[in-house]
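Going down the list, the protein sequences come from chains A and B.
First residue of the first sequence? That's 43 in the working numbering, and the numbers climb one at a time after it.
First residue of the second sequence? That's -17 in the working numbering, and the numbers climb one at a time after it.
Treat the hints with care, since some could be wrong.
[Unchecked claim] Which residues of chain B face chain A? A partial, calculated answer using Cβ under 8 Å:
1. F149
2. A150
3. P153
4. F154
5. A186
6. E187
7. H189
8. P191
[As the list claims (entries may be wrong)] Restraint-style ranges between C-beta atoms, simulated for each label pair:
9. A:L178 to B:D12: 41 to 51 Å
10. B:E115 to A:Y350: 56 to 66 Å
11. B:F(-14) to A:E216: 49 to 59 Å
It should be emphasised that the hints constitute simulated quantities derived from the structure, not laboratory data.
From a predicted model like this one, the values you see are computed outputs, not experimental measurements.
C-beta: ideal position from N, C-alpha, C; glycine also.
So you can see what is in the structure, the chains are spelled out below.
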Amino acid sequence: MKIDLPLPVLYALGGVIALLVVASVIAAVLARTHPDKDYTELRQRIRTWWFILAGFFIAVAFHRAVAFVALALVSFIAFKEFLSIVPTRRADYSVLLWAYLAIPFQYYWAWIGWYGMFIIFIPVYMFLFLPMRMVLVGETPGFLRSIGILHWGLMTTVFSLSHMAYLLALPQPEGAVYDGVSLLFFLVLLTELNDVAQYVWGKLLGRHKVIPKVSPNKTWEGFLGGVATTTLVAWLIAPWFTPLAGYQCVATGLLIAVAGFIGDVVVSAVKRDMGIKDSGAILPGHGGVLDRLDSLTFTAPLFFHFLYYLHY
Amino acid sequence: MKAFWRYAFVLLVAWPVMLFWLGLNVRHRDRLVAGGPAIVAANHNSHLDTLALLTLFPLELIPRIRPVAAADYFMKPGFMAWFSTNVVGIIPVVRDGRAGRDPLGECYAALERGEILIIFPEGSRGEAERMTEFKSGIAHLAARFPHVPVLPVFMHGTGKSMPRGTFAPVPFFIDIFVGEPLVWSGTRESFMTRLRETFDALRAELHAPEYT
Chain A
43 MKIDLPLPVL YALGGVIALL VVASVIAAVL ARTHPDKDYT ELRQRIRTWW FILAGFFIAV
103 AFHRAVAFVA LALVSFIAFK EFLSIVPTRR ADYSVLLWAY LAIPFQYYWA WIGWYGMFII
163 FIPVYMFLFL PMRMVLVGET PGFLRSIGIL HWGLMTTVFS LSHMAYLLAL PQPEGAVYDG
223 VSLLFFLVLL TELNDVAQYV WGKLLGRHKV IPKVSPNKTW EGFLGGVATT TLVAWLIAPW
283 FTPLAGYQCV ATGLLIAVAG FIGDVVVSAV KRDMGIKDSG AILPGHGGVL DRLDSLTFTA
343 PLFFHFLYYL HY
Chain B
-17 MKAFWRYAFV LLVAWPVMLF WLGLNVRHRD RLVAGGPAIV AANHNSHLDT LALLTLFPLE
43 LIPRIRPVAA ADYFMKPGFM AWFSTNVVGI IPVVRDGRAG RDPLGECYAA LERGEILIIF
103 PEGSRGEAER MTEFKSGIAH LAARFPHVPV LPVFMHGTGK SMPRGTFAPV PFFIDIFVGE
163 PLVWSGTRES FMTRLRETFD ALRAELHAPE YT
C-alpha cells in the first residue's frame, strides 16, 4: 500500500506525534511525582488521542473511499449518540430509521462532488420528508418537539460534519502543495488544537468565567489564549495546507477559534438541558464522540464556506 | 455441530448488531461471572436483549449460555423451533404448565451441567422500557440451587431500538448495568424483594431521556 499524502501533512503528522509523546511523558511524570493525585482521566484522554490520530491516519493515508466511509461512520456514531441522549417517542420508530438513511446519501453526494444536492439534501429534502413520514404515523402529542429535535440532530451531526468530507472532493489546481486531505487535516488540527489550547490556557491563567450558566470551566483567559494560539498557528501553516494567503490565514484562524468555542458551548448547553455530563463513553477520558466533535460541528461548515467563497 | 451454529450466530449476528449497529455502554463489567453454573436475571424489552447478554460474555462460554424462553412462542414447529434450539440455544419452558411435569426440569439439568441460564423474570417483553412485576420462577430455581449465583443485569435502550412488533433495530446506544450477584436468601419473598431492590438500585444509576 502506498501512502499518498502531501509533504506538509506528513511533517505536521510528525509534529502531532511529537506533541503527543511530550504529553504522554508529562502525564507519566506527573503521575509518578504526585502519587497522591489521580491522573487516570488525563492519561486516558491522551491515550485516546493516540487512537484518534491512528484512526485519522488510516482513514486518509491510503484511499479516498476509506476517508469517506470513515467520516460517514463518524456521523453515524455522533447521530446515534445524539438520539440516545434526547427524548424520543415509540411512534417515531420508523421515522428514525429513515433519518439514519440520510447519512449514506449525504456522504454519497459529497463523494461524487454534487455540490447542489449536498448543500440542500438535509436542509430542504430531509427537512420536508421527515415530518411527512412522521405525520403518516399520526401521533400528534410531542410532534413539533420530536421533529425539531430530530432535524437539529441531523443538521449538527450529519449535515455540518459532512462538510469535512466535501473538503476532500473540492477540485484542486494543478501543481498545488495542498490537496483535499490537507484542507481536512488543517481544519481538524486547528479545531482540536484550539480545544486543547483553550483548556490549557484556562488551567494556567483562568480567572473570569465566560458563560458560567452553561459551562462553568470556560474562562476569558482560556478563550483568548486559545484564539491567540490558534490564529498564530493558522497564520504560520495555512499557506502549506490551503489556498489561503495573507490576511485570509489570520481570518481563518480567528474563525476556527471563535466558532470552535461556540460549538463547544452549544453542545454543552444541550447536554446540560438533558441533565448529563458526557454524551457517551466511547472515547475513554473524553466521553462520547459528540464531546470531542462539538467544536467541529461549527468549524467544519464555517471553514468550508469561508474557503469555498474565496477560492472555489 | 450445535456449537457451530451458536458461535456463528454470536459472531455474525450478535456482535455486529450489538457492537457496531447499536453500541453497548456496560457499567460494572467486573461483576460478571467468569463461568457457570450461574443464572443471569435481566429485564426484558426486546428480542435484542438476548443478543446483548450473549455479547457480554467471552466467546468460549457461548455454547454454555442458555436463554430460557417460552415454548409457545419459540418452539413453533418448523424453522422457529430449529433456530431457537440450535442457533440461539434456548431452553424452552411451557408457560401454562399443564403438562404435569416440572416446567423447569431442563433448567435444573443445565445448571447441573454447569451452564449459565439467562432468565427474564418479567416473563415477556411487554411495553418498551417499562419494567413489570417479576414472576417467581427464578426464586424456585435459586432455592433448588442455593449456591448458584444469580446475576442481575439491568438494560436500557433495547426496547427503544426494537420494540415488540418491529423487526429491524434502530441504532441506539444500549446501557447495561451489571449488579452484584445474589444467592438464595432462605425464603421466596425475601429473595424476590432483594432481586427487585437490586434492579431498582441499578435503574437509579441510569439517567435516561424521556421516552413516550
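*Hint by hint, which ones does this structure get wrong, listed from lowest number up?*
Failing hints, ascending: 1, 5, 6.
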